[in-house]
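Protein chains: 2
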Amino acid sequence: MDKVNLKDKLKKFDQLWSPKIIGEMNELYIKVAKLKGEFVWHHHDNEDELFYVVKGKLVIKLRNKDIELEEGEFFIIPKGIEHLPVAGEEVHVMLFEPKSTLNTGNVKNERTQDNLDWI
Amino acid sequence: MDKVNLKDKLKKFDQLWSPKIIGEMNELYIKVAKLKGEFVWHHHDNEDELFYVVKGKLVIKLRNKDIELEEGEFFIIPKGIEHLPVAGEEVHVMLFEPKSTLNTGNVKNERTQDNLDWI
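Line by line, the protein sequences are chains A and B. In case it helps, the working numbering puts the first sequence at residues 14 to 132. In case it helps, the working numbering puts the second sequence at residues 14 to 132.
Just to be clear, a hint being listed does not mean it is correct.
Remember, identical chains collapse to one label, so a pair may be satisfied in a single copy or spanning two.
[Unchecked claim] Quick list of in silico lysine-lysine cross-link-like pairs, DSBU-like style, CA-CA up to 30 Å:
#1 K74 - K33
#2 K121 - K92
#3 K112 - K25
#4 K78 - K25
#5 K20 - K74
#6 K24 - K78
#7 K16 - K121
#8 K25 - K49
#9 K112 - K78
#10 K78 - K16
#11 K112 - K16
In case anyone wonders, no lab produced these hints; they're calculated from the structure. It should be emphasised that the depicted structure is a prediction, and the values quoted were computed from it without experimental measurement.
If we strip away everything but chain A, and leave its shape as in the complex, we get (with noise of 0.2 Å):
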């Protein structure tokens, strides 16, 4: 029962794709992450997820079209729609998305987190 102080959490890590757990609600999780460079293309079968930019700029590629969100702006990506995150420098994001998502989705590699931690 604290209040979440966004910029203070991100202080709190450096290593890049590897959400952390900043808060739950509803059945879903509130995480903040690093991210730079490309990460995989993926989807997600069953959930929503939402990508909230904190801090710099990322482009969120999908099949059809490039997203590109600057601080303040959010994206929903639909359950079942390929993406691919992209940031050419770091960007600081916030995301919301069920307890159930995993980061890669559909795809399972060497970039999968299995097991989130809080921060």
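Got chain A; can you put chain B on it based on the hints?
Relative to chain A, chain B alone:
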């Protein structure tokens, strides 16, 4: 399938204590609202509710303590917990809550908003 810019959405209305829907995912709505003054004590029987401050300062009074939120901070009010939002000056917030959430929770009065608009 478009991005959402919080500040652009907040420019579209002036009405206080009247949440507007700006997105949906996984049975939740994402809303923005402008608050000033004191609301009404209430709780939500079945829904956790997240307040994120976009601009200004918000106090969320609980029965046993006050939560003081500034820009870039959020607080999750668990289901069943009585709360009273108070804003000395106008504050702009983003809300995450299940679609079933009524703004005044267990209370029905002249401040209850039954049908929220999308903006």
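(message) Need the list of violated hint numbers for this structure, in ascending order.
(response) Hint check: nothing fails, all pass.
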